[in-house]
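Q: Sequence:
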Amino acid sequence: MNKGELERRIAALTRELNALKRRRDELNGEAKGWAEKRNEINNHVKNVRGEVKRLKQLRDELNKKVKRLKAERENARKEIAAKKRRIAGIKKELELVKSRKPSESFKALQEQLEKLEWKIQTTPLTLEEEKRLVEKIRQTEASLAVHKKIRQLRRQKLEIQAEIEALETKAETFHRQLTKTAEKSQELHQKMLEKIEKINSLRLEAEKAHQKYLEFRQQAKAVHEKLVQIADKIKALKLKLREIQEERKRKYELEIRKKLIETAKEKLKHGGKLSWEEFKALAENSVEEQG
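Residue 422 is where the sequence shown ends in my numbering, and the numbering goes up by one at each step.
A couple of the hints might just be wrong.
Said to hold, decoys possible - Each pair of labels, with its calculated beta carbon distance range:
1) Lys152 <-> Leu189: 52 to 62 angstroms
2) Gln188 <-> Thr310: 44 to 54 angstroms
3) Ala202 <-> Glu266: 53 to 63 angstroms
4) Asp363 <-> Glu386: 28 to 38 angstroms
5) Ser230 <-> Lys198: 41 to 51 angstroms
Claimed, not checked - Heads up, simulated SDA-like pairs for lysine to any residue below, C-alpha to C-alpha not over 20 angstroms straight-line:
6) Lys198 <-> Leu309
7) Lys343 <-> Ile172
8) Lys223 <-> Ala276
9) Lys369 <-> Arg140
10) Lys279 <-> Glu224
11) Lys280 <-> Gln243
12) Lys364 <-> Gly135
13) Lys222 <-> Lys238
14) Lys311 <-> Gln321
15) Lys222 <-> Pro233
16) Lys301 <-> Glu205
17) Lys168 <-> Lys343
18) Lys196 <-> His306
Simulated from the structure, these hints should not be mistaken for laboratory data. The beta-carbon is built from N, C-alpha and C at its ideal position, and this holds for glycine as well.
Make the full structure from the sequences, and use the hints.
A: Written out as structure tokens, the structure reads:
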């Protein structure tokens with residue numbers, strides 16, 4: 132391959148080298164873009180995972196509250212059941228006591244007792260009369276005791292019924308709070324599941340972006356390897372071109388030197404004056420011939 136062919140080959144390879152550099156840089160740019168997208172998605176995943184953690188904490192707190200409200204509601208219901216059993220017992224006892232209720236009213240019996248006590252205290256009585264009055268007072272007090280017991284049981288029944296109503300209101304309040312809290316917990320759980328689904332979707336996107344990054348990096352690497360090969364070829368061709376140029380220069384210098392020596396010898400033959408270049412060329416040639 133002559134000098135011209137070498138120069139044309141080097142020029143062609145240099146153009147190809149520059150084109151490959153541009154292509155490699157384009158591929159590296161694409162790879163960088165996909166890497167940035169992948170990193171951006173991964174950062175988004177990190178943020179969403181933080182949201183999932185926060186939602187889970189809130190949901191768990193609500194679930195604890197639901198558990199507590201359920202326990203409080205059940206305790207209230209147990210108390211209601213116990214008090215209802217107590218009322219049932221009072222009703223039975225009341226029916227039993229009412230079966231012994233005297234025909235006289237409480238007021239009439241109270242007045243009768245007062246009269247009997249006044250009489251026994253103020254009227255002179257025989258022993259027999261006093262016994263009859265004492266027995267009458269005992270019977271009257273017994274009848275009053277029945278009335279009092281009925282009043283007591285009715286009062287207890289009303290008090291317990293009021294307690295039951297208060298407990299039912301309390302239990303209903305617990306139930307409403309429980310239902311509302313459970314619904315809120317379910318909403319948070321659903322949001323958490325949606326976030327987890329979003330994370331899975333983002334991870335797929337990140338994986339695709341990473342694959343694209345690897346593809347472009349691999350392509351850039353392949354182009355770079357080809358670029359290095361061409362650069363080595365250019366280097367080898369330039370070295371060869373330099374050798375040719377140096378050889379041509381050496382031949383040219385030898386030709387010039389040969390002409391100088393011939394010219395110097397011709398001048399000496401005719402007694403002419405030598406130039407410095409002619410003198411130097413002739414002297415170097417003499418040394419070489421003697422060596």
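Q: Next, verify each hint and record whether it holds.
A: The hints, checked one at a time:
At roughly 56 angstroms, the beta carbons of Lys152 and Leu189 sit within the given window of 52 to 62 angstroms. Our hint of 44 to 54 angstroms for Gln188 and Thr310 is violated, since their Cβ atoms are close to 22 angstroms apart. Range check, Ala202 to Glu266: about 59 angstroms between beta-carbon atoms, so the 53 to 63 angstroms window is met. Look at Asp363 against Glu386: about 35 angstroms separates their beta carbons, and that is inside 28 to 38 angstroms.
The hint said 41 to 51 angstroms for the Cβ distance between Ser230 and Lys198, and at roughly 49 angstroms that hint holds. Restraint check for Lys198 and Leu309: satisfied, since their Cα atoms lie roughly 8 angstroms apart, inside the 20 angstroms limit. Restraint check: the Cα-Cα separation between Lys343 and Ile172 comes to about 14 angstroms, which is no more than 20 angstroms; the hinted pair holds. With a C-alpha separation of about 18 angstroms, the suggested pairing of Lys223 with Ala276 holds against the 20 angstroms cut-off.
With a C-alpha separation of about 10 angstroms, the suggested pair Lys369 and Arg140 falls inside the 20 angstroms cut-off, and the hint holds. Between Lys279 and Glu224 the alpha-carbon distance is near 13 angstroms, which keeps this suggested pair within the 20 angstroms criterion. For a cut-off of 20 angstroms, the pair hint linking Lys280 to Gln243 stands: about 19 angstroms separates their Cα positions. Only pairs whose Cα atoms come within 20 angstroms are accepted, and Lys364 paired with Gly135 is accepted, the gap being roughly 16 angstroms.
Note on Lys222 and Lys238: the hinted pairing is violated, with a Cα-Cα distance of about 24 angstroms set against a maximum of 20 angstroms. Pair hint Lys311 plus Gln321 holds up; C-alpha atoms about 15 angstroms apart against a cutoff of 20 angstroms. Distance hint between Lys222 and Pro233 is fulfilled; the C-alpha atoms sit about 19 angstroms from each other, no more than 20 angstroms. For the suggested pair Lys301 and Glu205, the alpha carbons sit about 11 angstroms apart, so the restraint of at most 20 angstroms is met.
Proximity of Lys168 to Lys343 is assessed by CA-CA distance (about 10 angstroms); at most 20 angstroms being required, the pair is judged to hold. For the given pair, Lys196 sits about 12 angstroms from His306 by alpha-carbon distance, which is consistent with the 20 angstroms threshold.
Hints 2, 13 from the list above are not met by this structure, while the remaining hints are.
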